[in-house]
Amino acid sequence: MSLNDPQWGRRGGGGGGGNQGPPDLDELWRNFNQRLATIFGRRGGGGAGAEPPSFRQLGGGVGLLVALVLVVWLASGFYIVDASSRGLVLTFGKYSQTTEPGLRWRLPYPVQSHEVINISQVRTIEVGYRNNVKSKVLREALTLTNDENIVDIQFAVQYALKDPEDFLFNVRRPDETVMQVAETAFREIVGKSTMDFVLYEGRQAIAARAEELMQNILDRYQTGVLISKVTMQNAQPPEQVQAAFDDAVKANQDLERFKNEGQAYYNDVVPKARGTASRLTEEANGYRQRVIAYAEGEASRFRQILVEYNKAPAVTRERMYLETVQQIMSSTSKVMIDAKSGGNLLFLPLDKIMQMSAAGAAEAMASAKPSPTDVPTPETSGRSRESLRARDRESRQ
Amino acid sequence: MRTGLGAIIGALLVAAVLASLALFTVDQRENAIVFQLGEIKEVITEPGLRTKWPLIQNVRYFDKRILTIDDPDTERFVTSEKKNLLVDAFVKWRIADVGQYYISVTGDEARARSRLTQIVNSVLREEIGKRSVQEVVSTEREKIMQDVRDKVIEDAKPLGVQIVDVRLKRVELPADVSEAVYRRMEAERRAVASQLRSQGAGEAEKIRAEADKDREIIVAEAYRDAQRVKGDGDARAAAIYAKAFSENPEFYSFYRSLEAYRASFRSRSDVLVLEPGSDFFKYLKSPGGGRAAGSGR
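Chains as they are written, first to last, in numbering that gives the first Met the number 0: chain A, 0 to 396; chain B, 0 to 296.
What the hints contain is simulated information worked out from the structure, not anything from laboratory work. Ideal Cβ positions, reconstructed from N, Cα and C, are used throughout, including at glycine. Don't take each hint at face value.
Unchecked claim - Computed, partial: chain A to chain B, Cβ under 7 Å:
| # | residue |
| --- | --- |
| 1 | Glu99 |
| 2 | Gly101 |
| 3 | Leu143 |
| 4 | Gln179 |
| 5 | Thr183 |
| 6 | Ala243 |
| 7 | Tyr264 |
| 8 | Thr275 |
| 9 | Leu305 |
| 10 | Glu307 |
To be verified - Below, in silico cross-link-like pairs of lysine to any residue (SDA-like), each with a Cα-Cα straight-line distance of 25 Å or less:
| # | chain 1 | residue 1 | chain 2 | residue 2 |
| --- | --- | --- | --- | --- |
| 11 | A | Lys93 | B | Leu48 |
| 12 | A | Lys333 | B | Leu273 |
| 13 | A | Lys351 | A | Val334 |
| 14 | A | Lys258 | B | Thr78 |
| 15 | A | Lys351 | A | Met328 |
| 16 | A | Lys271 | B | Asp224 |
| 17 | A | Lys93 | B | Ile206 |
| 18 | B | Lys40 | B | Gly159 |
| 19 | B | Lys129 | B | Thr78 |
Based on the provided sequences and hints, a complete structural model is requested.
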């Protein structure tokens, strides 16, 4: 068709004077019919003499029109490829080339056509939810695990195109395919894992494995898609059992709390016991020092008296005896009875005497000097009494 | 000149009409069949510009890409242990043999889909029926998909269809069974929770017991050491006393007794009932005193 181009050009140039603006289409058509009639009629040059001027006019108009149409037709081959995109050109339906971003031109319809496809845009599909993790799609979210439990999973897949040609020509509705593949891969991976793995420690691993499987499948279909990221948005037990799961988590906390309480008890009791222990030790040390010191004191006193006693035993003895009895008599209440003087019934109002002396008792107690064996605690005083007895025994031997 | 122009226009028009009747393009994404009066004349699998006889030949196009059958509804299957399982699968297929495809389903994609769905479902039913729930869900999932794919590939050949893949998507339990699963999960969690709590209580008790034990040990050991120290003190004191008192045991006895008497009677509340016959009172009765000799002391 482009061969006609120069020919028409020459005709238009030769005609020259046909600048009458846009010609009327009806008129064109009429003229065209006349021309056809002339051609097919083959009526020699009969009417030819009358026609030429109108033909010249017509020729000029058509030429201009055709040139205009041609320009518009050729201009329809321009297209713009965005920076994030690639253009794919098809020649008679067959893929011929991929064009870089910029203003591009291809042969106009029906020779070539083009498709512009965005390759750098990251596309996202959401499985188990739409837009917001809270707006769940339970049909997609609930997944059976290896141990026949059900988990509620939301995940998102981000992907880009690695091969626009494959993406465009190999699969019908490639975006839907990615969604299907995402679901099948994720469910397969989750189906092979236990619930605890899915819910807790295995999230990363599952997303990674699913990503790998998805890429494998998509490559097998030659979708030209590159999975860039699979993220598990949420994985939790289904709502129906949420309370029980929360309780289990709480139980874990309780476990820790109980242990801490136990530890607190330990931390309370043991240091106190250590305190008690050191008190016992110190008391014992004190006791030892005291007992020894007393012993030394008493021994020394005894020896000193003994020296004097040895000089005059009888007198000293008598003096000591009398002094002692005097001391006793003077500080106690006493009743003297001459039992031999008669067998009369004797009435002693002991309780009266006690009462009377009670007043003086406090005084006497206060004035009483602590005996050497007086000790602060009952236990040690018992001890000391014991030891005194032991001393007695020894001395008697 | 007039005739020349007319001829050219006419020729162009005729050429255009002929071209539109005789030329056709096959897209990259399509296959085409050229029919001649209803009979398949040519199958075109390469894209590009093609020719045909005008009027007596016509062309139909078929998608060459991978197509999908993805029924949104899950199908109910029975496993080997007679349990129901809802399974949702999708099939990836493409028209491989266009002629065959046209003959078997008259090129109608909807018919092809329904035939394929039937084939896949029956094979799936067979494969799932051979396996337990556990196997379908987990262990043999891949195997099922592979087996189904292999079988369906054969079954789909007469349709002129190539099965690219059959994949299980959702595998789930029927609603009532799901409910039972939820109950079981709940019970399991409760068991875990109470186990954790008793474990906590147990460990706490253990720590407490250890604390008590440590306390007992610490106190007892301290007591033991204290007693040793005290005993040592007592022993040394006893030695000191013994050494001093053994210098004159008789005097010691006297001396110590006096001390004891003093310590015993020193309060007004102590009442002594005395007989004047004792040594102490010997001079109280008579200044001679000697007669009344008794061994008071």
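Checked hints:
The interface hint given for A:Glu99 is violated, since its Cβ lies 20 Å from the closest Cβ of chain B, which is over the 7 Å cut-off. A least Cβ separation of about 23 Å between A:Gly101 and chain B goes past the 7 Å threshold, and the interface hint is therefore violated. The interface hint given for A:Leu143 holds, since its Cβ lies 5 Å from the closest Cβ of chain B, which is under the 7 Å cut-off. Of the supplied interface hints, the one on A:Gln179 holds, with its beta-carbon coming within about 5 Å of a beta-carbon of chain B, less than 7 Å.
Restraint check, A:Thr183 versus chain B: the minimum CB separation of about 4 Å is within 7 Å; hint holds. Interface restraint check: A:Ala243 against chain B, minimum CB-CB distance 4 Å, threshold 7 Å, status holds. Interface hint at A:Tyr264: satisfied, since its Cβ lies 5 Å from the closest Cβ of chain B, which is below the 7 Å cut-off. Evaluation of the A:Thr275 hint against chain B yields a held restraint, the C-beta minimum of about 5 Å falling below 7 Å.
Below 7 Å, beta-carbon pairs count as interface contacts, and A:Leu305 has one with chain B at about 6 Å; its hint therefore holds. The beta carbon of A:Glu307 comes no nearer than 11 Å to any beta carbon in chain B, farther than 7 Å, and the hint placing it at the interface is violated. Distance hint between A:Lys93 and B:Leu48 is fulfilled; the C-alpha atoms sit about 8 Å from each other, no more than 25 Å. Straight-line distance between C-alpha atoms of A:Lys333 and B:Leu273 comes to about 7 Å, which keeps the hinted pair within the 25 Å bound.
Annotation: proposed proximity of A:Lys351 to A:Val334 holds, straight-line Cα distance about 13 Å (limit 25 Å). Distance check on the hinted pair: A:Lys258 and B:Thr78 sit about 47 Å apart at the alpha-carbon level, beyond 25 Å; violated. A threshold of 25 Å between alpha carbons decides the hint, and for A:Lys351 with A:Met328 the separation of about 19 Å falls inside it, so the pair holds. Straight-line distance between C-alpha atoms of A:Lys271 and B:Asp224 comes to about 18 Å, which keeps the hinted pair within the 25 Å bound.
This hinted pair does not check out: A:Lys93 and B:Ile206 have alpha carbons roughly 81 Å apart, beyond 25 Å. Taking the CA atoms of B:Lys40 and B:Gly159, the gap is about 17 Å. The hint holds against a cut of 25 Å. At roughly 7 Å between alpha-carbon atoms, B:Lys129 and B:Thr78 fall within 25 Å of each other, so this suggested pair holds.
This entry does not satisfy hints 1, 2, 10, 14 and 17, going by the numbered hints stated previously.
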